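Asks: One letter stands for each residue in the lines below.
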Amino acid sequence: MKSILLSTALVAFGAGAALADGHSVVRMGTEGAYPPYNFINDNGEVDGFERELGDELCARAELTCEWVTNEWDSIIPNLVSGNYDTIIAGMSITDERKEQIDFTQNYTQPDPSAFLAMDGTMIDMGSAVIAAQTGTIQASYVAENGATLLEFATPDETIAAVRNGEADAVLADSAFLAPFAEESAELAIVGESVLIGGGVGMGIRKSDGELRDKFDAAIQSMKDDGSLNEMITKWEVGELF
Amino acid sequence: MFSYCTDPASLEGLTWLSCYLTTGKHMSIYWSVGTVLLLLAITAPTALLFGFGGATAARAPFAPLRWLGKGYIAIVRGVPDIAFFLFFVIALDQFFEWIRHSVKCPDWDEPIRQGNDFVVCAEAKLPLGNAAQWVHETYGFFLAVLTFAIVFGAFAANVLFGAMKAVPRAQMETAEAYGMTPRQSFWRIMVPQMWVYALPGLSNLWMVLIKATPLLFLLGVEDIVYWARELGGSKTARFTDYPHGDWRMWYFFALLVFYLLFTKVSEVVLDRIMKRLTHGQATAGGEAQRKAA
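Protein sequence lines, in the order shown, are assigned to chains A and B.
Under the numbering used here, the first residue of the first sequence carries the number 1, and numbering increases by one thereafter.
Under the numbering used here, the first residue of the second sequence carries the number 242, and numbering increases by one thereafter.
It should be emphasised that the hints constitute simulated quantities derived from the structure, not laboratory data.
Hints may be right or wrong, so weigh each one.
[To be verified] Derived DSS-like pairs: lysine-lysine, alpha-carbon spacing no greater than 25 angstroms straight-line:
| id | chain 1 | residue 1 | chain 2 | residue 2 |
| --- | --- | --- | --- | --- |
| 1 | B | K311 | A | K234 |
| 2 | B | K406 | B | K516 |
| 3 | A | K234 | A | K223 |
| 4 | B | K366 | B | K345 |
| 5 | B | K406 | B | K311 |
| 6 | A | K234 | A | K206 |
| 7 | A | K98 | A | K206 |
| 8 | B | K345 | A | K206 |
| 9 | A | K206 | B | K516 |
All values derive from a computational prediction rather than experimental measurement.
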């Protein structure tokens with residue numbers, strides 16, 4: 001009897017200890033194909049605004065973090081089944097996504113989305129063919145506003161679709177599109193930008209409230225001391241807080 | 242990589258290319274070629290094993306075993322690969338974790354399913370949450386091998402099932418006449434002879450398997466097609482030292498050459514195996530060989 005009690009106590013203790021350091025390593029899931037938010041640099045490592053931000057947040061929350069990449073399409077299913085612990089991939093906070101996962105507070109302002117098209121194109125939302133990445137807020141926006149939506153799995157393909165005439169324009173975050181417009185003579189930002197979504201936040205499992213609170217506090221502290229604004233300016237990802 | 246690569250913007254022609262092709266990011270695509278080859282090398286025999294098991298079960302005299310074999314073949318062949326890969330792997334992973342959870346954390350009182358979330362205790366995580374990245378990658382690779390083996394095993398099972406039936410009845414009757422037990426005649430007569438009937442179907446499967454590796458990325462294993470797309474996409478000067486336009490065509494062309502060479506080599510090898518297997522068989526090919534000799 002004594003030994004049973006002892007072993008139960010040990011098991012309980014073991015479980016408790018494991019819970020306490022349940023997140024001894026926090027795995028940060030990102031896409032790695034959406035500069036300046038996140039991309040793979042020349043050395044094959046995850047880089048970009050969110051890499052720098054994520055590392056700083058982990059330092060402030062005193063967490064050990066590790067970066068993993070996952071395809072955008074399956075980024076939410078893999079989070080809820082526990083293959084990584086956060087999504088930090090330029091994911092805008094929307095009500096639809098909130099049904100599946102929780103978000104921290106936003107770390108960028110709602111980013112104006114812009115249309116990128118061949119220089120001189122006029123965009124008429126009624127009849128235009130607009131390319132957008134599958135499962136993004138921009139894709140739902142296009143679908144809701146009557147234009148023909150052309151979906152692609154990666155952001156890069158949306159740009160290629162405009163170059164080869166398949167689509168009239170791409171709708172995506174301005175921060176992502178701006179470098180393309182600057183560097184290419186034939187492409188330009190056209191029309192007026194639209195405000196969609198509630199800013200970008202980190203996606204976290206609903207059952208993982210503790211982790212969300214930690215990151216929330218870290219983001220708040222970066223907002224308070226202005227370091228978040230510095231990063232936003234450095235990577236040009238939209239308005240300051 | 243090379244010492245002269247410190248300022249790529251000043252380089253031109255082949256020197257630039259030599260630096261470009263040896264960046265850390267390009268090393269990843271070379272690695273992924275190895276990953277794909279390793280996957281094929283492990284998956285092919287494993288799938289064949291699954292197939293052999295499935296085919297043997299499908300023709301077992303014991304009914305429940307036969308239903309199992311036939312069910313496996315019918316269900317897995319009927320489900321689209323991509324659905325299987327998206328659903329099955331996550332389910333398999335959760336199944337492993339659930340078993341570990343039940344064994345390791347019997348005192349856990351929270352539900353495992355909380356809305357969308359699948360929550361098990363930290364010790365039951367597979368691999369452990371704090372394991373190194375390579376452990377996660379190896380585990381993902383292992384899941385990939387298992388999934389590929391199950392999917393292609395079902396197709397192989399159907400091929401082998403047919404091949405076993407194609408072995409001339411006279412051969413089996415002779416074995417029985419010599420007093421061999423069913424087990425003996427299966428292993429000594431049927432199995433050695435069935436391969437010649439199975440090979441055309443199996444070689445088809447092998448070719449399909451070679452080209453199915455892009456499904457790997459659904460499982461989080463980065464394969465060559467993923468890297469070709471990623472490396473070939475246009476790069477602006479802000480985020481890389483090697484800006485370029487949309488070069489995906491060239492990368493995919495390289496892939497095309499790779500796959501064509503690979504299938505060519507496979508064909509040559511399979512042809513040789515076919516020749517050996519035909520030797521002395523009661524088939525048209527075996528007859529032709531006998532006359533030529």
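Asks: None of the hints should be skipped; say for each whether it holds.
Replies: We went through each hint and held it up to the structure:
At roughly 61 angstroms between alpha-carbon atoms, B:K311 and A:K234 are farther apart than 25 angstroms, so this suggested pair is violated. Taking the CA atoms of B:K406 and B:K516, the gap is near 21 angstroms; set against the 25 angstroms cutoff, the hint holds. For the hint linking A:K234 to A:K223, the alpha-carbon distance of about 15 angstroms falls within 25 angstroms, and the restraint holds. At most 25 angstroms may separate the alpha-carbon atoms for a hinted pair to count; B:K366 and B:K345 meet this at roughly 10 angstroms.
For a cut-off of 25 angstroms, the pair hint linking B:K406 to B:K311 stands: about 15 angstroms separates their Cα positions. Between the alpha carbons of A:K234 and A:K206 the distance comes to roughly 32 angstroms, so the proposed pair goes past 25 angstroms and is violated. About 9 angstroms separates the Cα atoms of A:K98 and A:K206, which keeps this hinted pair within 25 angstroms; it holds. The hinted pair formed by B:K345 and A:K206 meets the criterion: a straight-line CA distance of about 24 angstroms does not exceed 25 angstroms.
Distance restraint check for A:K206 and B:K516: the Cα-Cα separation of roughly 60 angstroms exceeds the 25 angstroms cut-off, and the hinted pair is therefore not satisfied.
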